[in-house]
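Residue numbers (my numbering), protein chains in the order written: chain W, 1 to 409; chain L, 1 to 164.
One or more of the hints may lead you astray.
What the hints assert, rightly or not - List of simulated lysine-lysine pairs, DSSO-like, C-alpha gap at most 30 Å:
1) K78/W with K42/W
2) K124/L with K10/L
3) K361/W with K28/L
4) K319/W with K28/L
5) K154/L with K276/W
6) K43/L with K186/W
7) K276/W with K244/W
8) K51/W with K50/L
9) K157/L with K28/L
10) K148/W with K157/L
11) K157/L with K152/W
12) K267/W with K43/L
13) K51/W with K154/L
14) K28/L with K154/L
15) K78/W with K50/L
16) K124/L with K78/W
17) K186/W with K267/W
18) K42/W with K124/L
19) K160/W with K244/W
20) K51/W with K157/L
21) K142/L with K78/W
22) K361/W with K301/W
23) K51/W with K49/L
24) K244/W with K142/L
25) K152/W with K124/L
26) K152/W with K49/L
To be verified - Cβ-to-Cβ under 8 Å is the rule here; a few derived chain W residues that face chain L:
27) N36
28) P38
29) D119
30) G134
31) M135
32) D139
33) Y195
34) K220
35) A259
36) S262
37) K276
To be clear, the hints were calculated from the coordinates, so they are not data collected in a lab. Source: prediction; values computed, not measured. Ideal Cβ positions, reconstructed from N, Cα and C, are used throughout, including at glycine.
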Amino acid sequence: MSLVNKIIAEHSELDTVDENQIVIVDVDRIYLQDGNSPTIRKLFRDYQFNKVFNPDRIAVFFDHSVLSPNIDISNRLKEALDFCNQFGLRFFNQGDGISHLVAIEEEWFTPGNLVIATDSHTCTGGVMQSLALGMGASDVVAAMVSGKSWLKVPETIWIKTVGIPSTFATAKDVMLYALSCFGDRKFLYKSIEWYGDWVENISFDEASTIANMGVEMGAKCVFLPPWKCSPSSMQKIIPEHQEKTIELNIEGLLPYIAAPNSPYNSKVITEFSNEKIDYVFVGSCANSRLEDLAEISTILKAKKIHKDTRLIVTPGSKKIYLDAINNGYVQTIIESGGIVTPPGCGSCVGTQGYIPASGDKVLTTMNRNFLGRMGNAEASIWLASPRVAAYTAIKGEIPNLQDMQYDSI
Amino acid sequence: MILSNLNIVKVSGIISTDDIIPAHYKHKFTEPKELAAHVFENKFPNLTKKFIKNTVIVSDATFGIGSSREQAVSSLLAAHVAAIIAPSFGRIFFRNCWNLGMAAIEADLYSLIVQKELCIDLDKSHIGFSNKVIPFQALPSKLINVFNAGGLLKYIKDSSLSTY
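Sequences and hints are given; from them, build the entire structure.
Below you can see the structure in the form of structure tokens.
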């Protein structure tokens, strides 16, 4: 049985479920983020819901607006905090980190459990083989009140990675390449299970990036194979139907970059080399983990970022931030001329600084570059790996492969 | 239910929820009317002038990819959009549409329609314009029930959670 069928069946009163079947499921955990919790508070009031099914299983994260930039957002955050206290919900305050990363650290995602949250990148939980679903406010309110939700069982597609990328490329490059191959429609409402030599041997941090961008592929949910030291209850991924397996050939893959204004505008780095970049942002739930910070620190060591380029780095969680301080990464980044901000979603959605200037060209490790994503529709955004981001910050331009060779990573 | 005399507004290209309502506004406002003033302001700055009562957006590409923000639907509703017809939808957006009482119909009609109005028959699963009737795949009864109730939370409230 595919992982999604197995988990849905285990959370319903059914032994087995079939593709397209509508099933009512029990929800194990629910979390909210600060961009939607004020609306959820309003919906609770509008519909006069006065209890939740289990406050211990519901958390609210304050991650999108860590340092609130204006009165309106501050007022909404205050409302959200009042809501937490009214219903006795657990909350993770400003500075604790991005919901999806902290939810993994706090073991809210476990293999085989079912988690619903008000953020599309909840699919990151697929790195733990959790059925992790992003939903809108009304669906989440319904689950908060009832402890249940309804699902249409999605079709499962298996992606087999074939080959090993070049030493220049990372998991982020594999994902950007996959988006360029598959586009926006191929996996709409599908469950994706990844397997193959490369994906079965990457680190937890890299696997998290692949899981995180499952929603960019259009998927309902995504499951990664076990990684080094993963929980023993995670299972090896074996395709059930050969005709539902798609091969992704990544042999010798070079870095990929998505040009403005879509993750699907992804091409090999050499197409964009020497493009001047004003602002580099390393952060977001796609790439803000300790390995990402270690990598940029290695590249920036004893170097200065380009005088005309701004580098802002936002660690994904408080734990990652503290580890990065203890390992010397933060010091290296600061000494190179970069700015390290408190943990959270950082500059990803334009709800806090640094908002790019009009005409700015931004290169970032985020997962989306839609028009206006960072708060200014007159800025243009390129998506790339942390490795490419660090070299870009030094050169002030998108690097060519020679620029990326002087350090062996 | 039949949605009739829908005013057609066409849009072209993939539409993300960031295009519909930029993220930072949902952190500022919880009232859909306040959000409606900013619908499509980056992607199609003057488009909302065409949104009169009972507008249907007809798209030629995937509509509503990206974020889970339900405000992408609530702000369109507040801007007088009652239905969206597109060849495919971002799946969280699709679900949000029906949850809030917005008809989201999967059909590729962009190049067929030159009229100003159309109607959608949800029970018979077809779209009508001029003398043409174009069928679409029947929707799960769950979605129709939620829609007919006036949205998911009304549906749940009215049924005292018995449906869950």
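Here is what the structure says about each hint:
Our distance criterion of 30 Å between C-alpha atoms is met by K78/W and K42/W, whose separation comes to about 13 Å. Distance check on the hinted pair: K124/L and K10/L sit about 24 Å apart at the alpha-carbon level, within 30 Å; holds. Distance check on the hinted pair: K361/W and K28/L sit about 26 Å apart at the alpha-carbon level, within 30 Å; holds. For the suggested pair K319/W and K28/L, the alpha carbons sit about 29 Å apart, so the restraint of at most 30 Å is met.
A C-alpha spacing of about 52 Å is found between K154/L and K276/W, which places the hinted pair above 30 Å, so the restraint is violated. Simply put, K43/L and K186/W have alpha-carbon atoms about 24 Å apart, close enough for the 30 Å limit, and the pair holds. As the CA atoms of K276/W and K244/W are separated by approximately 42 Å, the hinted pair breaks the 30 Å bound. Between the alpha carbons of K51/W and K50/L the distance comes to roughly 42 Å, so the proposed pair goes past 30 Å and is violated.
Straight-line distance between C-alpha atoms of K157/L and K28/L comes to about 28 Å, which keeps the hinted pair within the 30 Å bound. Proximity of K148/W to K157/L is assessed by CA-CA distance (about 14 Å); at most 30 Å being required, the pair is judged to hold. Under the criterion of a C-alpha separation no larger than 30 Å, the hint pairing K157/L with K152/W is consistent with the structure, at around 22 Å. Pair hint K267/W plus K43/L holds up; C-alpha atoms about 23 Å apart against a cutoff of 30 Å.
Annotation: proposed proximity of K51/W to K154/L holds, straight-line Cα distance about 16 Å (limit 30 Å). Only pairs whose Cα atoms come within 30 Å are accepted, and K28/L paired with K154/L is accepted, the gap being roughly 25 Å. Restraint check for K78/W and K50/L: not satisfied, since their Cα atoms lie roughly 37 Å apart, outside the 30 Å limit. In summary, the hint linking K124/L to K78/W is not supported, as the alpha carbons are separated by about 47 Å, beyond the 30 Å threshold.
Straight-line distance between C-alpha atoms of K186/W and K267/W comes to about 18 Å, which keeps the hinted pair within the 30 Å bound. Taking the CA atoms of K42/W and K124/L, the gap is about 35 Å. The hint is violated against a cut of 30 Å. Distance check on the hinted pair: K160/W and K244/W sit about 11 Å apart at the alpha-carbon level, within 30 Å; holds. Proximity of K51/W to K157/L is assessed by CA-CA distance (about 13 Å); at most 30 Å being required, the pair is judged to hold.
For the hint pairing K142/L with K78/W, the CA-to-CA distance comes to about 36 Å; that exceeds 30 Å, so the pair is violated. At roughly 24 Å between alpha-carbon atoms, K361/W and K301/W fall within 30 Å of each other, so this suggested pair holds. Among the hinted pairs, K51/W with K49/L is inconsistent with the structure: their alpha-carbon atoms are about 41 Å apart, more than 30 Å. Taken as a hint, the K244/W and K142/L pair is honoured in the structure, with Cα atoms around 28 Å apart against an allowance of 30 Å.
Taking the CA atoms of K152/W and K124/L, the gap is near 22 Å; set against the 30 Å cutoff, the hint holds. For the suggested pair K152/W and K49/L, the alpha carbons sit about 37 Å apart, so the restraint of at most 30 Å is broken. Taking 8 Å as the C-beta contact cut-off toward chain L, the hint placing N36/W at the interface holds, the least distance being around 7 Å. Annotation: interface hint on P38/W holds; nearest CB of chain L at approximately 5 Å, less than 8 Å.
A distance limit of 8 Å between C-beta atoms decides the matter here; for D119/W the minimum to chain L is near 6 Å, and the interface restraint holds. Of the supplied interface hints, the one on G134/W holds, with its beta-carbon coming within about 4 Å of a beta-carbon of chain L, less than 8 Å. Annotation: interface hint on M135/W holds; nearest CB of chain L at approximately 6 Å, less than 8 Å. Taking 8 Å as the C-beta contact cut-off toward chain L, the hint placing D139/W at the interface holds, the least distance being around 6 Å.
Below 8 Å, beta-carbon pairs count as interface contacts, and Y195/W has none with chain L, the closest being about 23 Å; its hint is therefore violated. Interface hint at K220/W: satisfied, since its Cβ lies 6 Å from the closest Cβ of chain L, which is below the 8 Å cut-off. At its closest, the beta carbon of A259/W sits 14 Å from a beta carbon of chain L; the interface hint therefore is violated under the 8 Å criterion. Hint status for S262/W: holds, given a least beta-carbon distance of 7 Å to chain L, under 8 Å.
Interface hint at K276/W: violated, since its Cβ lies 23 Å from the closest Cβ of chain L, which is beyond the 8 Å cut-off.
Hint violations for this structure: numbers 5, 7, 8, 15, 16, 18, 21, 23, 26, 33, 35, 37, all remaining hints satisfied.
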